Structure formats: structure tokens, C-alpha cells
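There are 2 protein chains.
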Amino acid sequence: MTGQIIAVLGATGAVGREILTCLEDRDLDIKEIRFLASANSAGTELEFRGKSYEVKEVHPNHFKDVNIAFFAAGGATSKEYAPIAVEAGAIVIDKSSVFRMDAKTPLIVPEVNASVLRDYLANLRPQSGGLVASPNCSTIQLVVILKPIADQFGLKRVVVSTYQSVSGAGQKGIDELSSQVIALFSQGQIEVKNLPHQIAFNCIPQIDSFLPNGYTKEELKVMEESRKIMGLSDLKMTVTAVRVPTFACHGESVNIETEKSIDPATVQVLLRASPGVIVYDNPDKSEYPLGIEAVGTDATYVGRIRRDDSVACGVNLWIVADNLRKGAALNAVQIAEIVAKERTQHPVQ
Amino acid sequence: MTGQIIAVLGATGAVGREILTCLEDRDLDIKEIRFLASANSAGTELEFRGKSYEVKEVHPNHFKDVNIAFFAAGGATSKEYAPIAVEAGAIVIDKSSVFRMDAKTPLIVPEVNASVLRDYLANLRPQSGGLVASPNCSTIQLVVILKPIADQFGLKRVVVSTYQSVSGAGQKGIDELSSQVIALFSQGQIEVKNLPHQIAFNCIPQIDSFLPNGYTKEELKVMEESRKIMGLSDLKMTVTAVRVPTFACHGESVNIETEKSIDPATVQVLLRASPGVIVYDNPDKSEYPLGIEAVGTDATYVGRIRRDDSVACGVNLWIVADNLRKGAALNAVQIAEIVAKERTQHPVQ
Numbered sequence: 164m165t166g167q168i169i170a171v172l173g174a175t176g177a178v179g180r181e182i183l184t185c186l187e188d189r190d191l192d193i194k195e196i197r198f199l200a201s202a203n204s205a206g207t208e209l210e211f212r213g214k215s216y217e218v219k220e221v222h223p224n225h226f227k228d229v230n231i232a233f234f235a236a237g238g239a240t241s242k243e244y245a246p247i248a249v250e251a252g253a254i255v256i257d258k259s260s261v262f263r264m265d266a267k268t269p270l271i272v273p274e275v276n277a278s279v280l281r282d283y284l285a286n287l288r289p290q291s292g293g294l295v296a297s298p299n300c301s302t303i304q305l306v307v308i309l310k311p312i313a314d315q316f317g318l319k320r321v322v323v324s325t326y327q328s329v330s331g332a333g334q335k336g337i338d339e340l341s342s343q344v345i346a347l348f349s350q351g352q353i354e355v356k357n358l359p360h361q362i363a364f365n366c367i368p369q370i371d372s373f374l375p376n377g378y379t380k381e382e383l384k385v386m387e388e389s390r391k392i393m394g395l396s397d398l399k400m401t402v403t404a405v406r407v408p409t410f411a412c413h414g415e416s417v418n419i420e421t422e423k424s425i426d427p428a429t430v431q432v433l434l435r436a437s438p439g440v441i442v443y444d445n446p447d448k449s450e451y452p453l454g455i456e457a458v459g460t461d462a463t464y465v466g467r468i469r470r471d472d473s474v475a476c477g478v479n480l481w482i483v484a485d486n487l488r489k490g491a492a493l494n495a496v497q498i499a500e501i502v503a504k505e506r507t508q509h510p511v512q
Numbered sequence: 164m165t166g167q168i169i170a171v172l173g174a175t176g177a178v179g180r181e182i183l184t185c186l187e188d189r190d191l192d193i194k195e196i197r198f199l200a201s202a203n204s205a206g207t208e209l210e211f212r213g214k215s216y217e218v219k220e221v222h223p224n225h226f227k228d229v230n231i232a233f234f235a236a237g238g239a240t241s242k243e244y245a246p247i248a249v250e251a252g253a254i255v256i257d258k259s260s261v262f263r264m265d266a267k268t269p270l271i272v273p274e275v276n277a278s279v280l281r282d283y284l285a286n287l288r289p290q291s292g293g294l295v296a297s298p299n300c301s302t303i304q305l306v307v308i309l310k311p312i313a314d315q316f317g318l319k320r321v322v323v324s325t326y327q328s329v330s331g332a333g334q335k336g337i338d339e340l341s342s343q344v345i346a347l348f349s350q351g352q353i354e355v356k357n358l359p360h361q362i363a364f365n366c367i368p369q370i371d372s373f374l375p376n377g378y379t380k381e382e383l384k385v386m387e388e389s390r391k392i393m394g395l396s397d398l399k400m401t402v403t404a405v406r407v408p409t410f411a412c413h414g415e416s417v418n419i420e421t422e423k424s425i426d427p428a429t430v431q432v433l434l435r436a437s438p439g440v441i442v443y444d445n446p447d448k449s450e451y452p453l454g455i456e457a458v459g460t461d462a463t464y465v466g467r468i469r470r471d472d473s474v475a476c477g478v479n480l481w482i483v484a485d486n487l488r489k490g491a492a493l494n495a496v497q498i499a500e501i502v503a504k505e506r507t508q509h510p511v512q
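If you read the protein sequences in the order shown, they are chains A and B. Residue 164 is where the first sequence starts when you use my numbering, and the numbers rise one by one after that. Residue 164 is where the second sequence starts when you use my numbering, and the numbers rise one by one after that.
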């Protein structure tokens, strides 16, 4: 693996900053790194591996010679600049939702479908850029758990209710919860700006906007993306997505009906052996996944694994992951590591 | 209806105080009221309908001549004093869980099974006391919604995930969230005393203790009590109960599979006509039930009603109610109102 030229677009956002942290924690060989953002955030100084960098306003020229470009600046920016970066020969790893369901774009969670990414890269011409989508945060932690269960037991139906932190709405979500809590505890006026209602000490059963069928886009994303990533286009699944007043990590209450007979002990053994998963399931000691413990870590945590007697074959479980990390930045960096390895084995001429 | 002699045991707790508020808001004819509590809380002064009362330490003598005794002081106190109050001729309305699943004890949500209560009272001898149980808070708001759907469409299976506020753990739960938030925002030390883990900005997938099958007692209560109240002993149902960092009201994400064909528009019409229910379901305006709006009110709110395409006949919906009010105090007072009416029609000799 030779050194990569990296660009990070949206470097000053919640996900962008977490990408920096993940790159610092891991060993991707980086020859050069460029931090890009909108005009608003240009000029910000960022520290990376002991050096200080000035964030530049994004411009097509910045993608020249870039090997891997992380896009974490929202859908509109991805739509505008991804084709430019791809044309310049970069592999764009896009965190936005705009290309995820595009049939030609691989949607990747490395623990689940790395082979799809490898096939995609193998079919690119050596000089060609490419586009890889990273899924919705709630999708990622879900499929990491569901895929091993699908492979061993067959999925008949999945019912999910989420408990999503404000960091899923970016830095402005974090600021909003924080400022509302301070206002409440100091008899100030609550301001609702970025979320549809007060989030301090309140649950909001709406993430993203509504579709005509009564589901939110967030709920639809989790269903559609899970089907695409696992290659189960007919998977029966329904999702309710709820924003809860936590700063970090998403929880999910997952009810799984399987084709084959399933029992909690076998699921524990299976998931303990699954990549990216930590089983944390000792009810006797009140041990189960908690957001305050998962924050800043890489794994998807699973616990509360128990039989669901309302179906012939089923289990309930509770999963938690850091939505900025495995749910966003880490997953993108894992994709980048595969790209770097594959493109070095078949280097650009 | 003639004036009742009322006792409130556990008058200084979160539910006890809410019983007072409900009694003040409603028109039960009260001739005399006695406030009782453990030795710890005895001596507290309480205001009721413009008069001040001293809370007395509970003693068997206090139940003499009492018509209706509200018990909201926990399971151990109910076990000890309920038989004494019943022996003295009172109708005990018990908020604890200890008698709920007893075959001889009616478990009542007036909107759902008031007739069971009337039959029970009709079968008591005129001088006899009796015992009526009020269900778990999460159960009450659930069956108020489920019963009309069961009657019209038939229930095949129900999957519930809860979002329960700290007030479900009583005043000490409220104090714990409050003090932890203050500690976090003032760089103080977080203290975990009454809940199994930090609740500030964290979700805890454990309410009450664990059973050998991996479910919590809370989850089992919701399943068993729902079956008993609705008279559906074989109802297929599974529950995940989660404590979230909100002060008031419980939310529930409810997935309902029905026997007969069901559609959201018909469910809206049905629930609008159902007692105790307010349909609040305008996604276009981001209108759906919220805890901060339901607090202090009597109804069970339902919204996010939408078809579940993962089954032949099914809907998802989101319900919210004030767990101290409809989930506890109000339900008990509604029971008392039926008792007063029925016992006056067949008065004690």
C-alpha cells in the first residue's frame, strides 16, 4: 500500500471531525490530506496527526490527484461535487443519501458486503474514479447484526424501533439539545431551530421529512438500504425512527422473526464470532449496551438477546453503536482502507 | 351518590400527589379524606381543595369507615395493609403490581373493562370491602388503544417498544435525572442511586428486575396485564421496555398485526370515537403525540398511524400518555368514580 492523497469535504462538521479522529486512530497510509468545506467554514484551522491545516473552500481543482475523497457535507454538495471528484479520478466515499439507492452505486458496510466493493473496484479502469455510498447511521449498526442472523437462520420479518441521539442531526443537533437543557435549568427561553420540536427531555417520533405513506424518509432509508446491503430485496421489515434526548449513539429495539429455529444462546455464539460486533448481555449484572459506554468506540454492541414467544422462531435484541463513528466516519474510513488496498494492488498507471 | 370517606396511602409520593390533583379536578363527592404514608413521610402537610391536612403514619385504625382507599405506597405496603382495609369494609384501589394477576382481583381500565368492575362490585355483599387493581402505566395507555382495534379487526400479534420517563420510577427517578443533568452541566460528579445506570442523556433498556427468560418484570407485566384486561388470554405479544431521559409521559412504538384487513384511515375514525383517546396525526404539520404536550392531561394520544406492509394486515402507531395521570392516578380515580356510583346504588346497610 502506497501513500494516499486524501480529501475530506465537510471537514468541520460532526461527521467530518470524526473522520479525522478515525484516520488518526487507524493506519491508512496518507501522503497528503486536504480539508474542504463550504465558504462558511473555510478558514477554520484543524489539527491532524500533529499538524495544523487550514480548511479550504471547496473548488474543483482540489480534487486533482486525489485518490480518496470523503464527502460529508450533505446531499446538495455531494450532488454537485461528487461527479467532479470522480471525473478527476478519485474514489468518492459519500456519506449523503443521494446516491445510496442508485443501482450502479455500491452501498457498503465492510463487515457485510466488502465483496461488492471489491468487485466494483475490480471493474473500474485503473485511471477511473468511482463512487461508493456509505449507508444511513441506523442502517449500518442494524445490518452488522442482522446479516449473520440472516445467513444462519434466514430472516422472515424484522420490526425495528430506534432511539436516535441528536448527533445524528449533526453539530447543530448537539448544540440544540445542549442550549435547550441550559435554558430549562436557568429559566431561559427554549429555542427550537433545527429539530421539529423541543428535544430537551422529550422524544420526537420524526427524523427527516414525511412521505405520502406516513413513513419518514429516515424509516424508508433503513428499510431500503438494509435490503440492498444484505442483498435481500424482498425482506419484510418495518421501522419506527424516534429522536431521543441523548447526545451520542443510537439505540435500536429489534424484533427478528426467522425462517429456522433460533435460540438466544446460539445467537450469542454467532454474534460473538461476527466482525465488528461486541455481545454485552449479562442481565444478572444489569449489563447491556448503553450509549454512554459505546460513545467513541468502534463496535456495534448487542444485548437483551431473548426469545420472542409470540412467533414460532424469533428473538428480540437491543443494539447500540456510536452513530458518528461506526454509523458514519468509521464505516467510511473502513471503506477507504479497502479502496487503498485494492487500488494499490491494481495501481493507477 | 352520597359523600365518600376516602383514604390515600402513599399520599406524598409522585402518584399519591397526582391522585390529589385528579380528585381536585374531578367531581367525586368526598365527605372526608385521610392522607396516610410511611413513618418517613408522616407529618408532611398537604393542601387539598383549599384545606391543609397533615399526613398520618399508616395504622389499621385509619381504615375504619373508609369507603375507598387508594393504595400508592408500593407492593410491600399493599401486601400488608390491603387485607386490613378490605376487612374494614373499604374498596381498595391498588396501584401496586402485587394483586394484579390474582385471578380473583379485577384489573381495571375503565375505558376497556368497566363491566368487569361492575360485576365484581355487584357480587360483593353490601358490607364487604373489596380489592381492585390498577394496571402498570405502560399497560394502561396501550390497552386503551388496542381494545377498539381488537374488537374491530382482531389482534394477531403486537410488538411494543417503550420510551418511558423517569417519573415511572417515582419522585426519586425525577430527582435522579434532574440532579445528574445539573452535575453534568456544572462539572459535578454524577450519582447513580435509584436507576441501574446514568439516565441523564442515556437510554437504559431495563425497567424493574430481570426474569430467567431474559425479559424484565416490566415487560412481562405489560404482556400479562394486557391479556387479562382485554380478555385475550392467548394474545401474541412481545415487549421491550426502555427508560429514556424524559421527566414525564411514556411513549410507545406499537406494531399491530390484525386478523382482518386494516387501513390507517379506518383506524383514525375508530380511535377518534374511542373513549379516552385523542388522535393527533398530521404528519404534514409535524403533528404527532409528544410527551411535553401530553403532560398533565388525561387522554392517551395516538399518531403516526400508518400501514405496515411487512404483513398482510397491519399498522404501526405511536402513543403517548402521562404515566402519572392516565397511567396511574387518573385511572385509579376513574375506578373510584365507578365504585362510588355502584356502591351508592347498592348502599352499605
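Please note: incorrect hints may appear among the correct ones.
The list treats identical chains as interchangeable, and a pair is accepted whether it falls inside one copy or across any two copies.
[Said to hold, decoys possible] As a list, the in silico DSSO-like pairs of lysine-lysine whose alpha-carbon atoms are at most 27 Å apart:
(1) Lys-448 / Lys-227
(2) Lys-448 / Lys-356
(3) Lys-448 / Lys-335
(4) Lys-267 / Lys-423
(5) Lys-380 / Lys-219
(6) Lys-267 / Lys-194
Everything labelled a hint here was simulated from the structure, so no lab data went into it. Being a predicted model, the structure only gives us computed values, none of them experimental.
*Hints violated by the structure (listed by number, smallest first)*: Per hint list: 1, 4, 5 and 6 violated.
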